[in-house]
Each structure stands twice: as structure tokens, then as C-alpha cells.
Amino acid sequence: MSARTEVPQQRKTSPTVAAGADFLDTRVGASKMVKEFARKIFPDHWSFLLGEIALFSFVILILSGIFLTMFFVPSMTEVHYPEDALPVTMQGLEMSEAFASTVYMSYHVPGGLLMRQIHHWAALMFVGAMTVHMMRVFFTGAFRRPRELNWLVGFTLLILGLAAGFSGYSLPDDVLSGNGLRIADGVLRAIPLIGSYGSYMLFGGEFPGTDIIPRLFTVHILLVPGLILALIAVHLFLIVWHKHTQFPGPGRTDRNVVGYPLFPVYTAKAGGFFFIVFGVLAVMGATMSINNVWNYGPYDPSIVGAGAQPDWYMLFLEGALRLMPGQTEYVIGGFTLSLNILVPGVVIPGILFTLLALFPFIEGFATKDTGEHHVLDRPRNAPVRTASGVAILSVFFVLVAAGSNDLIATHFHLSLNAITWAFRVLFFVLPVVTFIVTKRICLSLQRKDRELVLHGHETGRVVRFASGEYIEVHRPLDEHERWVLVAHGPRRPLEIPAEEDSAGVRRPGHRRDRLRQSLSRFFYEDRVEPVTPAELAAAHAHDEHDAVDARPARETIGTQSH
Amino acid sequence: MSEEHNELTEPATAESFENPGLGHHRPRLGDDDPRAAKRSERQVVALFTVSILATIGGIVGYFAFPVAEPDAGNVRMSTLVLGLGLGLGMLGIGAAAVHWAKSLMNDHEKVEERHEQRGDDATRERAVEMLQEGAADSGIARRPVLKGALGTALALAPLSFVVPLVGNLGADWNVSKFRHTAWAGTPDGGPRYLATDPTDRRIKASDITRGSMVHVMPYRLPEEEHYLEEKAKAVVIVIRVDPSILKEPEERRGWSYDGIVAYSKVCTHVGCPVALYEQQTHHVLCPCHQSTFDITDQAKVVFGPAKRPLPQLPIAVDDEGYLYAQQDFDEPVGPSYWERER
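As they're listed, the protein sequences go chains A and B. Under this note's numbering, think of the first position of the first sequence as 60, with each following residue one higher. Under this note's numbering, think of the first position of the second sequence as 2, with each following residue one higher.
These are calculated hints, taken from the structure and not from any lab test. From the three backbone atoms N, C-alpha and C, an ideal C-beta is built for every residue, glycine too. Watch out, some of these pointers could steer you wrong.
Unchecked claim - The calculated label-pair distances, taken between Cβ atoms and stated as ranges, are: (1) Ser90/A x Thr153/B: 28 to 38 angstroms; (2) Asp298/B x Ala416/A: 43 to 53 angstroms; (3) Ala144/A x Gly152/B: 40 to 50 angstroms; (4) Glu332/B x Ile421/A: 42 to 52 angstroms; (5) Ser161/B x Trp480/A: 52 to 62 angstroms; (6) Leu152/A x Gln44/B: 45 to 55 angstroms; (7) Phe49/B x Ile125/A: 38 to 48 angstroms; (8) His470/A x Ser161/B: 54 to 64 angstroms; (9) Ser106/A x Ser161/B: 45 to 55 angstroms; (10) Arg520/A x Arg27/B: 23 to 33 angstroms; (11) Leu152/A x Gly168/B: 53 to 63 angstroms; (12) Pro35/B x Ala80/A: 43 to 53 angstroms; (13) His516/A x Glu130/B: 28 to 38 angstroms.
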């Protein structure tokens with residue numbers, strides 16, 4: 060270590076700072092907190108920024124949201140837009156106060172339009188960053204023991220993010236958001252037994268009523284953000300408590316954490332990153348218009364625009380609704396069971412989200428895992444997990460694309476019906492195909508890693524032997540480089556004890572073990588195990604005659620791993 | 002996992018390699034060359050300066066482009082200048098801080114030990130003991146009735162909050178309103194005329210040309226209570242086609258007039274307005290989820306996620322040629338719900 064890591068010389072602390080520090084320490088024990096947290100180590104990787112983007116977007120949502128609440132009126136009272144206010148197209152039109160105040164703040168409050176646009180872009184970024192962060196956690200296996208509960212906290216945050224987005228999207232009471240609410244009402248009504256009453260409960264009577272906007276306002280600015288804040292606190296507390304995961308690398312183990320201290324490196328990097336996220340969103344809000352509600356007009360239940368799309372995170376629901384054939388509505392004993400709405404609106408998202416939420420527990424059941432994992436998996440080293448994740452994502456993206464089937468049809472001059480049918484088929488076929496393909500790619504990448512460990516890098520140096528044989532000289536990996544490729548242990552299917560003991564007595568819990576074993580086989584039957592020291596030694600012995608002849612080349616490059 | 006295994010490297014076995022320990026630190030330019038470090042410092046200062054200037058620029062823009070004047074151009078300029086001022090103000094700080102951290106701050110990796118989440122056996126035993134002591138102090142185990150009473154009281158107490166809340170959310174809970182629309186008749190008992198929207202003028206059969214679609218509302222509805230709720234159910238599309246291509250079953254003979262048919266505009270899927278009409282095929286399409294209905298054949302579903310046809314409004318023409326509704330729809334309009342067929 061260089062001289063810069065030495066303890067710096069004691070400097071004279073100014074009396075005011077000392078007095079302040081003494082005040083805090085004697086009141087709240089500040090020195091203990093500083094001692095505990097100031098130099099806490101965090102590992103470094105670009106993908107660890109994804110969660111930070113989500114966190115910072117949320118902070119920006121709160122800041123811009125506070126601005127908006129000062130000028131937005133959450134009321135469905137009918138008013139006429141002022142004759143002397145911009146835009147001209149809205150002058151004198153009858154509309155709800157919510158819509159009127161949204162338009163008015165965009166045109167007559169300096170910074171109002173900017174804050175609306177920052178708020179909307181930040182919302183899209185918030186849900187997007189959460190999704191991508193969740194993908195990172197999934198594909199690197201960061202959800203494994205001991206972090207299963209924090210995975211569930213994060214999952215709940217995603218659902219709350221969707222709720223925050225939808226409730227906020229509906230507030231301006233424009234044509235687009237009104238139709239979004241109408242669709243929500245239609246889905247709600249389809250729920251057996253309680254659907255109609257659920258609709259009355261949401262709207263305070265018949266759709267649209269005059270209660271929904273004030274109610275959604277409370278949901279949007281108090282209930283949901285309150286829950287999100289509380290869960291973010293839990294999420295971050297658990298990150299500090301568990302200490303952050305780290306990617307495999309030399310010196311990294313499940314029992315240590317390698318990185319840089321919170322103060323000053325992460326204070327500067329993460330703190331700086333907050334300003335970067337804020338800056339990017341502010342520039343987006345300044346230059347990219349979004350949700351110009353005056354172009355759609357105030358909500359009217361008889362109007363809808365063609366090519367209307369919800370915000371991106373709602374597209375999968377919209378797409379599912381579009382794909383489901385209508386024949387599946389049944390009347391049983393006089394009661395209507397609308398599977399054409401329930402399946403896409405409730406069952407499919409239910410299955411997708413439940414799978415996602417429970418995945419750590421499913422995988423934990425299959426591996427009967429008992430240790431703590433703090434070193435992440437490279438996605439290729441968990442082929443079935445990676446393939447499962449890609450399969451779930453492919454279903455999600457089919458639904459997202461199906462949610463835009465009308466735009467695809469008009470932009471590419473295709474038949475809407477043909478596109479819908481194609482997506483219906485893809486919905487079933489694509490996850491299977493992506494699962495198989497991803498798994499194969501992972502296994503191939505693992506084979507490539509083995510190849511690299513066993514035989515080293517290609518050097519492009521071709522040597523001819525006296526016998527006329529040509530070989531290419533390979534440069535072996537040094538031990539640091541090699542460690543990344545061999546650090547993960549082999550994972551094999553579980554062996555379970557026999558069903559009956561020697562006396563022929565049936566073992567209790569055997570059925571559960573059988574289920575565990577078949578799941579474990581599904582995960583680990585097809586596998587490529589990392590190179591062992593014995594295999595490496597054998598490979599080198601096999602390469603002996605090459606090594607002799609290629610020695611001059613190897614010596615110049617260096618072979619410290621022999 | 003025992004505590005002794007906390008050293009950095011793990012011994013090699015036949016199955017696994019030895020962890021080689023931390024790699025060597027690669028010095029940055031500024032680590033060895035003070036001039037390069039000074040250059041980085043100047044860059045950081047420059048980035049902070051960008052931020053300062055941008056913030057000042059944004060505030061100047063706030064006063065330079067007041068949006069009070071009725072000019073949409075000012076709104077654009079104000080938004081742009083304020084936003085760029087804010088954005089560059091933030092980006093400058095962010096970029097400076099990150100550049101500072103990456104180029105000037107100590108970049109030697111440090112190692113910290115982790116501790117297992119699980120408490121050791123002694124801690125666990127002590128925890129169980131403490132809980133048992135506490136439980137014994139409270140006497141809850143020896144007094145099961147007390148436990149039952151506590152549980153029941155806690156379970157019931159929220160009801161006085163939840164019941165009034167949920168009870169009032171749905172207003173009168175009279176879901177049978179789904180069945181009726183304003184087409185049943187005017188408040189004074191007369192028939193409902195078909196009127197334009199939003200101008201609310203009555204429509205004559207001769208106003209509707211073949212191949213056109215108009216969306217109509219019950220006449221004089223805007224003056225009545227619950228206008229939006231009624232409109233959400235009562236909106237109707239009227240289309241005129243060649244009478245010879247209409248497939249009308251016996252019981253619906255007389256529901257149309259000279260090729261003019263009226264159907265609910267509320268999609269039977271999830272309730273969007275069925276707004277698009279294809280003249281050539283006589284199909285109407287819901288732009289939300291693309292349910293497609295055949296106007297010539299009782300608005301039956303030909304494609305998409307809806308199951309039921311659009312309900313038909315029986316219409317007729319009075320002596321002066323104005324279109325009116327003979328009666329209300331004979332089924333609830335809009336999306337399905339559990340009690341719909343009851």
C-alpha cells in the first residue's frame with residue numbers, strides 16, 4: 060500500500076467544530092455512529108448504480124411532486140377554463156378543476172410545465188430503474204440467502220411503484236387517463252362476487268362519479284409514497300446490515316467485502332450520482348415534452364383517441380387484455396365469469412409476479428442451501444436461473460409489444476389481426492425458446508471459460524514443428540485472472556436418502572425430498588463444472604510437447620501459474 | 002462456518018483453487034504525476050463552475066421570460082431555460098464529485114470482514130431464555146383466557162375504523178344502476194330523442210347518410226343530474242347501411258329504421274368507447290383493445306377480447322322525422338360483471 064493510505068497527521072480541529080461534535084456526541088453518541096459507518100466498505104460495480112437510480116428518481120419525484128401539489132387542485136367540480144388563459148383551444152371549455160389546474164399550471168406557472176415533465180419522466184425512470192435493478196439482482200443471484208426477505212421488500216416496492224404510477228397518471232383527468240380508469244373499472248367489475256361492489260367502492264358509486272380524483276390524490280401523495288418511503292428505509296437498512304454483495308474476483312470471499320469506504324469515496328460517487336440523475340431528468344423535462352394533456356382534452360366518457368398507449372409499465376397489462384380471445388366468458392348458474400378479462404387482468408400478472416416473488420424460495424428449496432452468499436454469480440454460472448429469468452422477461456416483453464399492437468400495425472402496414480395472432484402464439488412459444496436458447500448459451504459460455512482456464516489465451520503466434528505440425532501458442536492465465544473463472548463451486552443435483560430404510564420402514568418426508576430432488580435436477584442436471592486444479596494439471600501434462608517447442612515464446616510472455 | 006476462516010485466501014483442495022488474494026493496485030496518472038493530479042483538480046473546479054453558471058443562468062431566465070404574458074412562446078423558453086439551468090446545475094455538481102472521487106481520492110481497495118447473520122448458539126439460547134422469562138413475567142402462558150381475550154379484542158378493534166370507511170366508500174351500493182340508462186325515457190315520462198353531442202340537437206333520420214357513423218346522446222341529458230355517469234352508459238353510435246345487408250332476427254325487426262341501426266358505444270370488454278368505423282366491412286372497432294363488431298349482424302364480435310355483442314338500442318322515427326328510442330336497452334351496457342345475467 061502506498062503512503063497515501065497512512066493515517067494523516069493530526070490536524071488542529073477548530074474550536075467551533077470541536078464544540079459542535081462534542082454536542083452531538085454527548086446527546087446522541089455521534090462518535091459511535093461515525094465509528095460504525097463512516098468508513099464502511101462498499102464494493103464497486105456499475106450495475107450497483109441501478110438501484111441508486113431508482114432511489115434518486117424517487118427523491119426527485121417527491122421534490123417535483125411537492126411543487127405540483129402547490130398548484131394542482133384535486134377536484135372533479137366542473138369549471139370553465141378561463142377565457143383569457145392559454146392555451147387558446149381550452150378557453151371556455153367545460154372541464155374538471157383537476158384538468159383545468161393541470162393545464163393552467165403548465166401555461167401560467169413559471170416552472171410548472173418543467174416540474175410536470177420532470178415528474179413524469181422521473182416516474183418512468185423510477186419504475187424502469189427498479190425493473191432493471193431487479194433484473195440485476197435476479198441474474199446475479201443476489202437474492203440468495205441471507206437476502207430473500209430484502210428481495211421481497213424490493214418486489215413490494217416495485218408493485219407500489221406501479222400503484223404510484225397509475226394513480227398519478229390518472230390525476231390530470233384527461234381523455235387518456237380517464238380511459239385508463241375506465242379500463243381499470245372494467246377489470247375490477249369482472250372479479251367474481253365482489254367486482255361490482257369493488258367498482259362502486261373505488262368510484263364512490265357509478266363510474267366516473269366525482270370522488271375518484273380526490274381519492275386517488277390521497278393514494279398518490281400520501282398512502283403509496285408513505286409506504287414506499289417506509290420500505291425504502293427497510294431496504295437500505297438491510298443492505299447496510301447484510302453489507303453489499305460483490306462480484307467474484309481475487310481476494311473476494313463470502314466472508315469479506317472488498318471496496319471503498321463510504322466517506323469519502325461513496326459520499327462523492329453516490330452523492331454525485333444523485334446530482335447526475337437529477338440533472339439528466341431536469342434536462343429531459345426541459346427539452347422533451349411528455350403528456351401534453353391539452354392535446355387530448357378533458358375526460359369525456361364518449362371519446363377515445365386511436366393509438367392510445369398507457370405509460371410503459373402498464374403496457375404488459377394492456378397487452379394481456381388485447382391478446383386474450385373473447386370466447387372465454389361464461390355464464391354459470393346465472394353468474395357471469397369473464398375469464399377473457401380475469402385471465403389477462405388478474406391471473407397472468409398474478410402468476411408472473413408470484414413466480415418472481417417466490418423465486419428465491421424455489422431455488423433455495425432446490426439447492427437446500429444452508430450457507431450465506433455474498434459473492435455474486437456470473438449469470439452464465441447459473442444457467443437455469445438465468446434462462447428462467449429470460450423466459451419470464453420474454454413473456455413480459457411479448458405482452459408489452461402486444462400492448463402496442465395497433466401502433467405496430469399502423470407503422471409497419473401489417474394486419475392488426477395477424478399481429479395479435481402472432482403474439483398469441485409467441486406468448487406460449489417464446490418463453491420456451493428463450494429458456495432453451497439462454498440455457499444453451501450459458502452452458503457454452505461456461506465451456507468457453509473452461510477452455511480458457513485449461514489452455515489459456517490464444518496469442519496468434521503460430522509455431523511449426525520440425526515434424527511439420529503447426530500449433531498456436533497459448534498464453535496461460537495468471538492466477539488472478541483464473542480465479543474469476545473457477546471461483547464458483549460445482550453445483551450438482553441433490554442426492555436424497557432411500558425411500559425405505561434397511562428394515563423396510565418408509566422414511567417420513569420422502570415425498571417432499573422427491574419433489575426437491577426433481578426440482579434440483581431441473582436446475583443442475585445439465586451443467587458444466589468449473590476446472591479443478593487436478594484437471595488443470597492434467598491439461599498441462601498433456602500440452603507438454605507443445606510447451607517444450609514453444610518455450611521461447613512462453614518465456615517472453617511469462618508463465619507464473621506453472 | 003467457523004470464525005477462524007476469516008482470512009482472505011482459502012486453501013486449495015482437489016476440487017477448488019486457492020483464492021489468490023487481492024490483485025495489485027494499478028496507479029492512475031495522478032498517483033505518480035503531480036501535474037496530472039493538478040489537471041484533474043482544475044477539471045473538477047471547472048465542472049463546479051459550470052454548475053454555478055448554469056444555476057445563475059436559470060434564475061436570470063426565470064425573470065427574463067415571465068410567462069404571465071399571453072404568449073405560448075414564452076412558456077417554451079421559460080421551461081427550456083429554467084430546466085437547462087437546473088439540469089446543468091445538477092449535472093455540473095454530479096460530474097465534478099464523481100470525477101473528484103475517481104481521479105483524486107484514494108483508490109486503494111479496502112477489505113472488511115463480514116459477520117454471519119445467525120447468532121451463535123449462546124446468543125440464541127440467551128434470546129430464548131429472555132423471551133421465556135418475559136412470557137413467564139406476563140403470565141400469559143398460565144392464563145389462556147387472558148390470551149384469548151387479548152387476541153379477540155385486538156382483532157375486533159380495527160372494525161370501528163374499517164366498517165364506516167368501507168361502508169361509505171361505495172355511496173348507496175346500488176349496483177342495479179348498471180342496468181338502466183337514460184334511454185328509458187325523459188324525467189317527465191316522454192320518449193328520449195337522439196341528439197348530437199356536444200351540441201345537443203335532435204337528429205332526423207334524413208340527417209344520417211348511408212355509410213356514416215355518428216355518436217349520439219339522449220336529448221337534453223346535459224341538463225340533468227349525474228350527467229357524466231349517465232353519459233358513460235348512454236352513449237350510442239348510429240350507423241346507416243343498405244337495409245338489405247342487415248341481418249335482423251325476428252324479435253329485432255322494427256328496432257332499426259330504413260337501414261339506421263343504433264348500438265351502445267360502450268365496449269362490452271372493459272368499457273372503452275367503440276369509436277372506429279370501417280365503412281367497407283361495416284365493422285366497428287374499439288381502439289383500446291381492438292374488439293371488432295359486425296354492425297350488419299347485431300354487432301356480434303368478429304375479433305378481439307370482447308365476448309358479447311354491443312347492445313342494440315331500438316329506435317323509431319316520429320311524425321316530424323326525428324329519431325327517438327322506443328325503450329331502454331334490453332340488457333346492461335358495457336363490461337361484464339358477476340350479477341349481469343341475474
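Right, here's what the structure says about each hint:
1. Ser90/A x Thr153/B: 28 to 38 angstroms: This hint is violated: roughly 48 angstroms between Cβ atoms.
2. Asp298/B x Ala416/A: 43 to 53 angstroms: With a Cβ separation near 46 angstroms, Asp298/B and Ala416/A satisfy 43 to 53 angstroms, so the hint holds.
3. Ala144/A x Gly152/B: 40 to 50 angstroms: With a Cβ separation near 59 angstroms, Ala144/A and Gly152/B fall outside 40 to 50 angstroms, so the hint is violated.
4. Glu332/B x Ile421/A: 42 to 52 angstroms: Given range 42 to 52 angstroms: holds, Cβ gap about 46 angstroms.
5. Ser161/B x Trp480/A: 52 to 62 angstroms: holds (54 angstroms)
6. Leu152/A x Gln44/B: 45 to 55 angstroms: holds (53 angstroms)
7. Phe49/B x Ile125/A: 38 to 48 angstroms: 27 angstroms Cβ-Cβ, so the 38 to 48 angstroms window is violated.
8. His470/A x Ser161/B: 54 to 64 angstroms: The hinted range 54 to 64 angstroms holds for His470/A and Ser161/B, with Cβ atoms some 56 angstroms apart.
9. Ser106/A x Ser161/B: 45 to 55 angstroms: holds (49 angstroms)
10. Arg520/A x Arg27/B: 23 to 33 angstroms: At 26 angstroms between Cβs, range holds.
11. Leu152/A x Gly168/B: 53 to 63 angstroms: Violated, at about 37 angstroms.
12. Pro35/B x Ala80/A: 43 to 53 angstroms: Given a distance of about 33 angstroms, which is not inside 43 to 53 angstroms, the answer is violated.
13. His516/A x Glu130/B: 28 to 38 angstroms: violated (59 angstroms)
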